[in-house]
Structure formats: C-alpha cells, structure tokens
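As they're listed, the protein sequences go chains A and B.
Our numbering numbers the first residue of the first sequence as 9 and each following residue consecutively.
Our numbering numbers the first residue of the second sequence as 9 and each following residue consecutively.
Read the hints as simulated data drawn from the structure, not as lab findings.
A hint or two may mislead.
The list treats identical chains as one, so a pair stands whether inside a single copy or across any two.
Claimed, not checked - Straight-line alpha carbon distances no greater than 25 Å define the calculated SDA-like cross-link-like pairs of lysine to any residue that follow:
hint, residue 1, residue 2
1, K159, K172
2, K71, I166
3, K172, F17
4, K361, M55
5, K170, A234
6, K361, A400
7, K262, L81
8, K176, S342
9, K196, E21
10, K59, Y72
11, K266, R10
12, K298, D263
13, K36, A89
14, K59, S22
15, K176, S22
16, K226, L304
17, K39, K71
18, K36, E68
19, K39, P323
20, K33, N101
21, K362, D319
22, K71, L295
23, K292, E360
These figures come from a predicted structure and were not determined experimentally.
Protein chains: 2
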Amino acid sequence: MRRINRNTFKLRESPTRRIDIIKEKLSKERKDIYLLSTGQPSIPPPMEMRKYVAEILMEETMKYYGYTQSRGLPIIREAIAEDLMLLGGIELNPDENIVVTAGGQEGMFATLSVIIEGGDQVILTDPSYFGYKPLIDYFGGKITYIETSLKNGFQPNIEDLKEKVNSKTKALIIVSPDNPTGRILEPKIGKAICDLAVEYDFWILIDEAYKTIVYEGKHFWFWKYAPEHVIGINTFSKDPGFPGWRLGYVYANKDLIKAVKLVNEELVYCPPVISQWAASYYLKNRLREKFLPKVLEIYRSRRDTLCYALDRYLPESRYFRSQGSMFMFVDLSSYLCRLNIDSIRFTERLLEKKGVALIPGALFGNSFEGFVRFSFVTESEERIEAAVKYIANFVEELAN
Amino acid sequence: MRRINRNTFKLRESPTRRIDIIKEKLSKERKDIYLLSTGQPSIPPPMEMRKYVAEILMEETMKYYGYTQSRGLPIIREAIAEDLMLLGGIELNPDENIVVTAGGQEGMFATLSVIIEGGDQVILTDPSYFGYKPLIDYFGGKITYIETSLKNGFQPNIEDLKEKVNSKTKALIIVSPDNPTGRILEPKIGKAICDLAVEYDFWILIDEAYKTIVYEGKHFWFWKYAPEHVIGINTFSKDPGFPGWRLGYVYANKDLIKAVKLVNEELVYCPPVISQWAASYYLKNRLREKFLPKVLEIYRSRRDTLCYALDRYLPESRYFRSQGSMFMFVDLSSYLCRLNIDSIRFTERLLEKKGVALIPGALFGNSFEGFVRFSFVTESEERIEAAVKYIANFVEELAN
C-alpha cells in the first residue's frame, strides 16, 4: 500500500534538468561553461538593502525570525500596493487584494490549485514558459495553445484565441515581458484579451515576473481593463534579483485572494520573514530608482551584443529583438534543418562539445522545434560573443 | 466560469485564527496579552549564526541570492545527514534520502500529496496537531483516530491501532515529542508501531519538529526499526528557532524522496537559499551544543512554573508533565463541566476578559473537549504564573 500517488509524476522534472546534469559533469571536470540557459539575474541586489538586513539581524528580537501572517506582513503588502500604484497606476487594497507568497512559483501553484477543476480548459500561448504545462496537467486542466509567430513579434493571434475560447475556458496564462521571447504585449492585443475574458468570463493569469525588466516599450497592465478577471503573479526574483530568497505575490479580487491565502497557508504557512523585510526596505526606500537603471543598462548591452553576434556569426538565424525579460528566442531552423538535427539533441551536443548552454525551443510549445532560447543576462558581452562564435563553429563542424 | 475549486475550502483557516482576531483587536487597544497559545520560540537563534549571515551578505556574489537545487544545496544535505547520525545514529545518503523544504509545513504538504490517494485511510492519534486534518481532507484521505489518554501519558493505544489498521491504511501520522501533549513516545510503543507498519505495509510519518526540544527522556528514532516505512518530517523552526525563515527537510527512502522532490520543485522551486546557508553553519559548527542547553533550561523552568501554578491556583486541573516540545495539554473539565461552558467558548471569553490566550482542546481531536493547550515557551515565569492566576479568577467569576 505504500504506493505513490501517480498524479505526482505529471510533475516531470524541469526539462532543463538534462542540461543541468551535463553542466554539472562539465563543471566537475572544470570545463568552462557559457551559461546562456538560465533566467537568473547575475547582479546581486543593492548593497543598501543587504546592509539593512545585516543590521536588523543583530537585533535581539523574534521580529525578524518569527512567523508572519500567512498573507504576509502588513508592511510588505502596503509597500507592494504603493509600488503597483507607482508603476502602473493600479489601485489595490493591501488587506484584500494581495497575498505574499514564497516566490512566484508558489504563487502560481496556489493560484492554479484554486482555479483549475478537472476538465477545465487552460489557454497558453505557443511558445510559453515550460513551467506551466506540468502544473496544469497536475491539476487536471486541458491545455489549448494559441498561435504567435516571430513575424508578428510573438503577439498572440486574437483571431485564433476567439476561435478557441468556449464555455470550458477557465483561464489564459500569459507572460509579459515574455519568457522565452522577450515580447511585450501590445495594448490593443491586451485590451482585446480583456474583452474576451469578460465576455467568456475566464481568468487572465498575467505572469509579471519581468514587468520592470523592460528595454523598450511599456508593460501592459491588464488590471486597468478587467480587474475582476485578472490575477497578477509576481516575484522579487528578477527585480531586485534575489530569486533564492523566495518571495513573490499574487494580486486579484478579494474572493480569489481569500482562496489563494488559504492554500498559501497550507503550502508554506507564511512567506520567508527576512525576505519580506528586505523587499519592504527595497520598495519603501525606492531603491529601484537608482539600482535598476544600472542593471538594465548592462542587460541591454548584453542583448545588443547577442544580436550583433548572431547577425555576424549565424547570419541565417532569425530573431525578434527582445523588448524585456532576460531572453531571446532565436530561429536556427535554417541550420538545424540542413543538419537534420532537432533542437534538443543540438543543444545537448553543443553543451557537451563547446560548453555553451542553451534551452531548446521544443520545450516551449508545439511550433518552435527549430528555435533555441538564449538568456543574455548571465554572461559578459565578451563571453556572449565568444559563445555565439562557438555555436557557429559547432554548426560548421556538424556540416562537415 | 471563474468558479473556485471547492476542494480549496477543505483547507479551512487555521482554527487559531479566531483567537488571532481577538488578539489583534486587544493589541490595537494596547491591552496586555498573555501569549500561552503560540508554538513559536521566544529566543532568537544564536548570535554567531546571525553574524555569519550578516557577513556573507556583504559578498558580491549570487551564491547567497540565487536559486539552489530544488532538493537543497549539497552542504545542507550533508550537514543534515551528519546531524541525524550524531543525534540518532541513523545513516542517510544526502543525495538520495533527503529533500530540503521551505519549512516543515511544506514538507508535510508535499509528502501527503505524494502518498495520499482518494479513499486512503490515514491514522492520527487523538489528540493530534490540528494542522494535519485539513491536509488529509484536501487530498481525499479518510481519517481514523486512535486512542491516547492522560492516564497513560498520551502513549498511543496499540491494541486500538491493531483493531483499526487494514488494507486501506496508507499512513499513520505521529508527533514525538508531541504537540499538544508534550509526550515522548516510549520505545516499546514505537517498536510496536514499526512492526505493524511492516506487517500492513503503511507509512509512518513522524513529525520530528521537537526532536531536540526534550526535557526528560529520549527521542525515539523510528528509522532504526523500519527504514523502508518511515518518513521523517523536520524543521529548523524550533531548533535553532527561526520559523519565519522557512526551512525544513524530509527524509525517507530513495523512491519516496524522488517523488517529494518533484512536488517540492513545483511548490517552491527551491528552499530559501539564505536559510540554507544559515542552518548549514549552525549544524556544521555544532552551535547547538552551546545554544540549546541554555534555551532548554529556560523552557524547562517555565514548564515547571506552569505546573506549580496549575497545582496552586487550579488544583482540580489534571495534566501530564510535558517531556518535550513547547506544550502541555491540561484537563480543565472539572471546572468547565461545572460552569457548563465548552473549551472553545471558554478560551475566547478568557482572552477577551483577561487577555490570556490558550488553544481549546476541541481543536485537537474528538475526546478532549474539556482540555486546553498551554504553550510555556513564550512568556516569562512571572507572567506564566500571573496568567494562571487570571484563569483561576476568571473561573471564579464565571461561577458567580
């Protein structure tokens, strides 16, 4: 009877795990690895915030060590509400519309557990961040993909969405700025989605992990147009950049938040207290204003170097210049077709032979077999250029 | 269609929430509250550990800010394995038998999600920590209670267990040292449970939150007798005492850990990195050896004061002198019967009138209506004595 619930195995290991295994092997052999695979910031959060944390740790009080309310300390919920007003002009009640979570992942898990019932339709864009599918499968939802394409800058095809929504549609999950494409949603597309959400009464789950990691353009705020239908999933992992501290939040209408809070309490009891104090300090003291522009300047230059290197060394590659997030989604099908190799085998062999880590496009959906995802935030400009050169060499070697 | 999954509401708000609301109201009115309700340590973790954390935060590296493996950093898994060898002489492979979680709560959630399938029988002792029931309900398990009694020092009745196990028994959840009773499991009872677990092939989930919070006696290590049937749920919340830092771990056989790790990854991606470094430092440098005896001395004196005050001011109360954990489970039925008031109403009115917070026995099971749980770790000896005096006054006032 010590059987394991088979539903568990719908939660497959992260598809990047095979790449991680090769990476670990190479790093044990002390081989140099070009990390173009990870969505992890490369710049630690601001020293001012870290100094604040170091100081409060010296105080003889349980305030910084004890449990907090399961929806988060009042100070962080207030700081989040002020921040969203500042960033997007959206108005939230910190006591009713916000629940603080142990990272965006836990926020997404709790939210999906609350809204999905067996057989519900959940709509994803194709391509889509690979983290959603296993969760939807786990909760018994049925995934429908809607089309995007490189030539339309990865904006979702609204006609396709109109054809696919129906009375079983429970939610549409969308990321903007996007992972893996770096696309920022156009306001007219965003508004059209809001209209459909209201008409068919489904949830828009907007993953706003990269909402401030913007190089060109502006984040689209769904909440302004359909507040009763929008659930914002947020994280402090990318800005200020301490993903390991596991802090995020969900905002939505009062009833939804009440339910997410219940699950949150059972999942983690409360979000990490020290992360809550750190993030409160970051927001309340507007540390972002000085810190983030410097970070974005570095990331933007790295993105530009990636574009330059792709144009120069892989001239047949096609891409949409990332407007935000940490990624570019690059079409290498011209090369891969000629070499008769799929993106999964290509990226694995590339990593083994050249030490360059990328994520294969096949992991993001159905229609992007010839693509790969580049992260441009981890490596320096020199190393990004070198990595692209290595990819070009590898393509050449495979051809011979 | 924006319906909320009804299963969510099996996760009722923590039953202490009503008490929390009264507490919050009183503290806004700046009324003094005697906190005998909470299982939270009152002594911050050792300064040496906190200084270490303050120092590493100054380093310009993502090492202390980035994601970790979802099963936890190798250093913390090694430290845990060494610690369990030291404490209990039990041997675990840090790469196969341990997964680090965002607290004991998340470890329990992940583990129950993995083992419970609809209709499985899950056995709890009566009384039992109130956190398990909602989780078992949520995952579709059926709860069966086994008997314990004050006169047997809250040792589970093995004859009762033998009658209740059957082919649908999936797991027995047990806490030792116990919440709410402070009972430490006797070896002969523990061994009898192991024999039954092997015979009927069910899991023993041993909640070891308080394994080192021991005043008299020794923790019973199930793993030694039935390693293939034991799942240890552990936390760093009580020792070293930073519950808000959300760190715990689960140990079990390789296959179970593989499944828990999958869920852990989807729930929280990884446990908080800074908590992992802090706890590694605590374990690797054996800070417990100096730190914990001082803490236990304080807690033990407070327990003794509680016993003294109960004997003196509430002479009809009956209790089992807590051997470990942070609690005593006290039979006030002699008073409550005479006053014709149930434990829930009694504790609520006591809090409102006298500012003394306790947890009613009714929340811990079926057979302990006249009991209340005292936590003796939060308040000073003077205040514990004063609180018991207030309870006695309150009982007298109710009688008049």
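Hints breached by this structure: Going through the list in order, the structure violates hints 2, 3, 4, 8, 9, 12, 14, 15, 19 and 23 and respects the others.
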